[in-house]
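Number of protein chains: 2
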Amino acid sequence: MTIKQGYADGAAYIDGRYMPVGQAAIPVLDAGYRRSDVTYDVVGVRDGNFFRLDDHIRRFRNSMNSLRMEPAETDGEIHAVLNRLVALAGLQNAYVSMESLRGAPPPGMSRHPANCRSYLCCIAIPWLSVATEEMFERGMHLMIPKVRRIPPDSVDPTVKNFHWGDLTQSLFEARDAGADYAVLLDADGNVTEGPGFNVMCIIDGKVISPLRGALEGVTRASVFELCDEMGIPTEIRDIPADEFRQADEIFTCTTAGGIMPVSRIDGRMMNNDAPGPISTRLHDRFWEKRAEGWHATPVDYSVI
Amino acid sequence: MTIKQGYADGAAYIDGRYMPVGQAAIPVLDAGYRRSDVTYDVVGVRDGNFFRLDDHIRRFRNSMNSLRMEPAETDGEIHAVLNRLVALAGLQNAYVSMESLRGAPPPGMSRHPANCRSYLCCIAIPWLSVATEEMFERGMHLMIPKVRRIPPDSVDPTVKNFHWGDLTQSLFEARDAGADYAVLLDADGNVTEGPGFNVMCIIDGKVISPLRGALEGVTRASVFELCDEMGIPTEIRDIPADEFRQADEIFTCTTAGGIMPVSRIDGRMMNNDAPGPISTRLHDRFWEKRAEGWHATPVDYSVI
Numbered sequence: 000m001t002i003k004q005g006y007a008d009g010a011a012y013i014d015g016r017y018m019p020v021g022q023a024a025i026p027v028l029d030a031g032y033r034r035s036d037v038t039y040d041v042v043g044v045r046d047g048n049f050f051r052l053d054d055h056i057r058r059f060r061n062s063m064n065s066l067r068m069e070p071a072e073t074d075g076e077i078h079a080v081l082n083r084l085v086a087l088a089g090l091q092n093a094y095v096s097m098e099s100l101r102g103a104p105p106p107g108m109s110r111h112p113a114n115c116r117s118y119l120c121c122i123a124i125p126w127l128s129v130a131t132e133e134m135f136e137r138g139m140h141l142m143i144p145k146v147r148r149i150p151p152d153s154v155d156p157t158v159k160n161f162h163w164g165d166l167t168q169s170l171f172e173a174r175d176a177g178a179d180y181a182v183l184l185d186a187d188g189n190v191t192e193g194p195g196f197n198v199m200c201i202i203d204g205k206v207i208s209p210l211r212g213a214l215e216g217v218t219r220a221s222v223f224e225l226c227d228e229m230g231i232p233t234e235i236r237d238i239p240a241d242e243f244r245q246a247d248e249i250f251t252c253t254t255a256g257g258i259m260p261v262s263r264i265d266g267r268m269m270n271n272d273a274p275g276p277i278s279t280r281l282h283d284r285f286w287e288k289r290a291e292g293w294h295a296t297p298v299d300y301s302v303i
Numbered sequence: 000m001t002i003k004q005g006y007a008d009g010a011a012y013i014d015g016r017y018m019p020v021g022q023a024a025i026p027v028l029d030a031g032y033r034r035s036d037v038t039y040d041v042v043g044v045r046d047g048n049f050f051r052l053d054d055h056i057r058r059f060r061n062s063m064n065s066l067r068m069e070p071a072e073t074d075g076e077i078h079a080v081l082n083r084l085v086a087l088a089g090l091q092n093a094y095v096s097m098e099s100l101r102g103a104p105p106p107g108m109s110r111h112p113a114n115c116r117s118y119l120c121c122i123a124i125p126w127l128s129v130a131t132e133e134m135f136e137r138g139m140h141l142m143i144p145k146v147r148r149i150p151p152d153s154v155d156p157t158v159k160n161f162h163w164g165d166l167t168q169s170l171f172e173a174r175d176a177g178a179d180y181a182v183l184l185d186a187d188g189n190v191t192e193g194p195g196f197n198v199m200c201i202i203d204g205k206v207i208s209p210l211r212g213a214l215e216g217v218t219r220a221s222v223f224e225l226c227d228e229m230g231i232p233t234e235i236r237d238i239p240a241d242e243f244r245q246a247d248e249i250f251t252c253t254t255a256g257g258i259m260p261v262s263r264i265d266g267r268m269m270n271n272d273a274p275g276p277i278s279t280r281l282h283d284r285f286w287e288k289r290a291e292g293w294h295a296t297p298v299d300y301s302v303i
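Which chain is which? The protein sequence lines are L and W, in order. Under numbering that gives the first Met the number 0, the first sequence has 152 at position 153, and the numbering climbs by one with no breaks. Under numbering that gives the first Met the number 0, the second sequence has 13 at position 14, and the numbering climbs by one with no breaks.
It should be emphasised that the hints constitute simulated quantities derived from the structure, not laboratory data. We put the CB at the ideal spot given by N, CA and C, even for glycine. Heads up, some of the hints might be wrong.
[As the list claims (entries may be wrong)] Among chain W residues calculated to face chain L with C-beta under 7 angstroms, some are: (1) Ala24; (2) Met108; (3) His111; (4) Ser153; (5) Val154; (6) Phe161; (7) Trp163; (8) Arg244; (9) Tyr300; (10) Ile303.
Using the sequences and the accompanying hints, generate a full structural model.
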């Protein structure tokens, strides 16, 4: 493995050009910054393999279509860009983000988004995890904050976006409460998701995930596959806050961390203040299967 | 008036440094882009005078406090930065934006926003107006879209922000419907605001503005001052969509455009498809008073 000189912190691609990630920046007049008019997706690389790369690119394409963005690159070209970024940075374990920005209108045209030319920004940086090693050992500590998740009829959460105002506020509320992270409720008081992760709870042996108000997570879909294989029943439905607080187990899941067991919710300890047994089995099986090449696409490091 | 070389398109200030606006960019790993973790305010310059500069800086400071951001600059220094930007670009009429970004954590620290060092990005560019000359003449055409405004318990609209997903979608809905702009409803079906402007309606001679779900606009406050002076009664309360659609007159107001009369709402024509009489009186008086130096702070062009 070699790292191309200057790319040790990661690599970026913006609208046709490759550069070290530290040089990648968004013009201040671009709607991608000024209006947060951008959709994105994140795929992980572990031990030199992308996980469910095609699923992420497919979801990214659906998100772009939903926002009426059509950057120049085909899905195959996006695949090639992401591969090249990981290769440039020489990363065996990487956090790889693909982003489509609305851009700016041509000179003299109205600033209506329909007049803008959308383009891609993609980055590959060293692997990031939502949970620290300590959190994996003791279980995450979650809380339910006052701030509510932005509702789907305002901003569609299945179109992954940078509208993180509610999630950022939840990070401050969690910190003030001595918790690691928050899980936000919707206007009806049902559980949705946290900053960068889906949530699942386990009640009477059944794995339950929220019906709405959350990203349709690729790792969440992988959890459902695992449950099928392991004979664990699953359900997708509304989960009221009180039911969630009384669950037998809770875990979170995301590309940037996999399956992350929870040991406390709003101060209540579960499983003697440790990761629960079913969550732990799912976590272990997830990484076993990953090591076996489950949904893997090897990075081609020879392209640079 | 001179324009400093290279600054014809506008000037920018980022975290202590001045540059032509075309060179100003936000690093892709900055939370200001990646999490839209930024608050901003916009002040206008007309004929060499800022309008209500201190009010805008005061609101900007409140917004930063609300998000727990504390960039290095004092209010007085922000005033000086904005003045210098307008002078560098030699602008008599300018759109001047002050923005505070969360930034990035120092190397090795967790990505929690509390660990980030916030900083300012400010720009001065040639005057932009929400309404075109044509819209001022014939009146704006508004419509009420399907997408709902992000609610205050998710993202506080009084802390001006770039979470424009709902507003951007409303621009597409408006275009599809043949309208100029949209006015969004909240979850209860009451009128809130449009992309970049407050709305007011006039019923039985009274000027009415929404109680919640909207920015506490500086231009809106100026409209209330005008109404007081002109003996026009005002009211701030919930405005259901149907009542808004049946109003005698409607106008919008914003820093980037002043008072903008509306002639159509959801296809219904008001005032024989033209700007209404009270809206027009307010519009005219607004610019008369501006020309007389109302709330004006002269730009000091000698600083460069």
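Inset, instruction - Quick one: which hint numbers does this structure break? Sort them smallest to largest. - result: 2, 8, 9 and 10
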